[in-house]
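2 protein chains.
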Amino acid sequence: MPETNVLTVGSLGESGLLARILPRLKGAPALLGPGDDAALISAPDGKFVITVDTLVQNQDFRLRWPSGFESSGFDVGWKSAAQNLSDVNAMGAFATSAVISLTLPHDTPASWVEELAEGFSAAVRDLGASHCAIAGGDLGRGSELSITAAVTGSLATEKPVLRSGARPGDVLAVNGVLGVAAAGLALLDSPVSYLEWTEAERVLVFGQRCPAPPLAAGPEAARAGATAMMDLSDGLLKDGRRMAIASGVDIDFDTQEMGQDLERLAPAAERLQRNPMDWVLGGGEDHGLLATFPSAEDLPQGFRVIGMVKKSASGTNGPLVWLDGKQTQSAQGFDHFEG
Amino acid sequence: MPETNVLTVGSLGESGLLARILPRLKGAPALLGPGDDAALISAPDGKFVITVDTLVQNQDFRLRWPSGFESSGFDVGWKSAAQNLSDVNAMGAFATSAVISLTLPHDTPASWVEELAEGFSAAVRDLGASHCAIAGGDLGRGSELSITAAVTGSLATEKPVLRSGARPGDVLAVNGVLGVAAAGLALLDSPVSYLEWTEAERVLVFGQRCPAPPLAAGPEAARAGATAMMDLSDGLLKDGRRMAIASGVDIDFDTQEMGQDLERLAPAAERLQRNPMDWVLGGGEDHGLLATFPSAEDLPQGFRVIGMVKKSASGTNGPLVWLDGKQTQSAQGFDHFEG
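Chain order of the listed sequences is A and B.
Everything in the first sequence is counted per my numbering, starting at 1 for the first residue and increasing by one.
Everything in the second sequence is counted per my numbering, starting at 1 for the first residue and increasing by one.
Calculated from the structure, these hints are not laboratory results.
Every residue, glycine too, gets a C-beta built ideally from N, C-alpha and C.
Warning: the hint list may mix true and false statements.
[Stated by the list, open to error] Straight-line C-alpha distance at most 25 angstroms; calculated SDA-like pairs for lysine to any residue: (1) B:238 x A:159; (2) B:238 x A:19; (3) B:238 x A:10; (4) A:159 x B:42; (5) B:238 x A:238; (6) A:238 x B:105; (7) A:238 x B:22; (8) B:159 x A:14.
[What the hints assert, rightly or not] In silico negatives: residues of chain A with every beta carbon more than 12 angstroms from chain B: (9) 5; (10) 46; (11) 48; (12) 122; (13) 151; (14) 191; (15) 193; (16) 195; (17) 220; (18) 225; (19) 277; (20) 300; (21) 311; (22) 324; (23) 326.
[As the list claims (entries may be wrong)] DEER-style ranges, computed between Cβ atoms: (24) B:324 x A:131: 27 to 35 angstroms; (25) B:263 x A:45: 47 to 55 angstroms; (26) A:267 x B:64: 49 to 57 angstroms; (27) A:46 x B:304: 55 to 63 angstroms; (28) A:46 x B:216: 51 to 59 angstroms; (29) B:130 x A:259: 52 to 60 angstroms; (30) B:13 x A:63: 21 to 29 angstroms; (31) A:72 x B:58: 26 to 34 angstroms; (32) A:106 x B:302: 35 to 43 angstroms; (33) A:106 x B:263: 33 to 41 angstroms; (34) B:125 x A:271: 51 to 59 angstroms; (35) B:125 x A:305: 27 to 35 angstroms.
Construct the entire structure; sequences and hints are all you get.
Okay, here's the thing in structure tokens:
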């Protein structure tokens, strides 16, 4: 990334860089925005949700991938916003503020950081987080690029929708794509040049670069009486297991309901000689919603049934995840410290 | 830091590490704490302040210093809490929640991360942030250690105390020590072995490792009618200049009032052949408060007068900082991307 004669964060200094970033951070107005020791945000119902997530260079994104594709600052900023907005969505809340902390190597081009600010703002705008202020942040130096955002939100209903509310007999539903971000990641990581990607493959990669959590759907599910809900960030099986454990129930996924997902992934799976079901069941970063409802009639628009909640069958051995009525011990999915 | 046969974050994995950290994160109860997609925090007056700050290895702390001293995870956790709690304090607010994001190399000893959690909790407890929940967080891998915290707070008065409220004729006051953290940093960075430090020098180093922002003082200053306030994080001259610019006034520091600060720093300054006034005027990370009040009679306990606010003398050239009635152009202080 470093080039000669490029304006870098080191040559600009902290205030020079801030002067370039702040105009590019556009969101809803805060009661008090960037520029003081802290921002001031409205919480009309006397409470708020808060979440935090970090993206680190070479762990959560690469500047240049084996396929030759180069990630822009825009993509990284978008993804940081999207993953945090998704966590707020999964509580049944709409975002009210974001604060951002950037760690930047000395030789990072100023333009890359400007793009990052633009990507973050674009996600807030384009994903429909129209009440979300970009309220402040922090700048520091490090040897690798890293972006942390904390996002707050206001609940759409009196109480949040937790992971722990699933009850036997509830239907299990998802909103959003499954396996797209994982397929996109596999394409980026493959030695097949990005110049050879088909249009359908570029769409998969776009889903990895700029995921689109369904932000209206979280509050809608809360209003529709969702009993449990969570963000699909680490893969269907792994996140499903978390919901099963939190709720003390078994979860049975119906793979017959995943036909449209498999179809979307088939050409890329064929090219890369992968099983698309692995992406559907184990792929993270799609940031859809996994939710349970008392009955299929309760599902708001955009949700589709993908399984059932069952009484825990294992007694003291704890909650289980099933696939088509068969017990699975697979904990397929993403772990930050494995591998 | 890496040693053989040491339990590392890589060998524990994400859930194993979480199981060790969570019991060590102790704060006030949240409406909903760690374990779901987001935490839920009370904001009784319908609004809240929020701030975010990051500490990065080899930028904001070192595991091993030129003096041979080794920073523990405890110190880094304490410092992360302290600097964020201080920002909330400077708005005239008390902290209500903290969320923490950790980036850890694969070979980080689990014990180091446990200490970090204990240090963060100790700062929350010992600095008196008795309403602050440690409400959630994020774990990820990176090539260097990094900790980001976002902290929220509730205002003690109807409105926050901003940097922009200083008016000509106000007295300028500080609460807390000046130059201690800078002197401690100089000792850590010096080739003089830490084994040779005197008791007085160890106190200075402790001020750098575990700064003690006066957390009751921010809300008290707000109630006492402070017109402007900010956290002293980057040095008296640099932060004073920021207040002057935000308020559109000149600020005149009276160095006669810094006698007790200089006295505290004198032995270390002599040993390291440094001018202690540089630490008092330029040293960051003490996390005291700089505040202005309509008159000296308004000062709450713990604040001392350190200068005056004056009408801007430069007309269109903008606000200025003065030392003992003489204009200074020095912007001494910390910049994350300089040097």
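Q) What are the numbers of the hints that this structure violates, sorted from low to high? A) 1, 5, 8, 10, 11, 13, 24, 27, 28 and 35
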